Amino acid sequence: MARDPRPLKAKLDAICERFRGVMGYSLYHTRHNHRIDHRGDEIFPTASTIKVAVMSKAMEEIDAGRLNYAEKLPITPDDLRDGSGLLQFYKENQSVEVKLLLHLMITVSDNTATIMLTRRLGTVEVNRHLERLGLRNTKLLALHPPDDAELKALRDRWGMGMCTPNEMVQLLDAIRTQKAASPAACERMLRIMSHQYYDDLIGGSAPPWVVACTKSGAINRSRSDVGIVYAPSGAYLLAVYTKEAEDTRWTPDNEGEVAIREVAREVWRFYHPRDSWRAPKNAEKYAVGYGGA
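Position in the sequence shown (first residue = 1) + 4 = the working numbering.
FYI, nobody ran anything at the bench for these hints, they're computed from the structure.
You may find that some hints are simply not true.
[Said to hold, decoys possible] Pairs of lysine to aspartate or glutamate, DMTMM-like flavour, derived with a Cα cap of 20 angstroms: (1) Lys156 to Asp82; (2) Lys183 to Glu129; (3) Lys76 to Glu101; (4) Lys15 to Glu259.
[Unchecked claim] Label-pair ranges, simulated between beta-carbon atoms: (5) Trp213 to Ala153: 22 to 28 angstroms; (6) Arg140 to Gly238: 25 to 31 angstroms; (7) Phe93 to Asp160: 27 to 33 angstroms.
Given the structure is predicted, the values throughout are model-derived calculations rather than measurements.
All C-beta atoms in this analysis are idealised placements derived from N, C-alpha and C, irrespective of residue type, glycine included.
Go ahead and model the full structure; you've got the sequences and the hints to work with.
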């Protein structure tokens, strides 16, 4: 018999209310058909979690034959971005295959790879893809057309992207249910997300033998993590976002990251009350840290 999710919601809401800033989440447990959220329809900065949308659009283009998985794109000076990733250390004009760009963009949150793919796909086209999936408040804001005053204003406010926790869960579910692209493309997206380097938050809330397909993000006053956990109790989708945080430290014990871990661990424990696994003592000592800007 499905458990009543209200006690879980009360615990998660309490974590959000204690947070020194603004925190929201959205949770969908597929087997129990539980949907709970806190500030689920409020807009948050996505930071790097918007890269899931870029990947989804790229796969749609590959399905349609307008982009090739093995196509090579050159690294131009305008593409180079610091922060997360490896391609910033590559030579200019070196060519990189789309498939490697997708993997680097998601697994190590490579900012240069993101810009290269966005330039090839087009920011407006990525957002049209999201609109076709029914996402009205989720937008990529990087590389917006210079004459698009609306996107420029949103970019100035939200950074790389904007979304609501509920809509991010909706995007993840479109990938899970193979509605975002072809079945083969959606399965590949899940495999890419399951190879996550920044796996300390939602990924670290489950035992290492459980598959977690995640993407995290971080900017100065915001931390976020989203993902699908293929748990014994049934797959669940979780998106957790913070903004206006007082703690801006770039450390694994940043209050935003700690709060996201708390939410993710409470979800795991609620649906697996008889499972003895808990994150081992000193697990944070081996945490990779923030999810990349």
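Worksheet entry | Numbers of unmet hints, in rising order | Of the numbered hints, just 5 does not hold.
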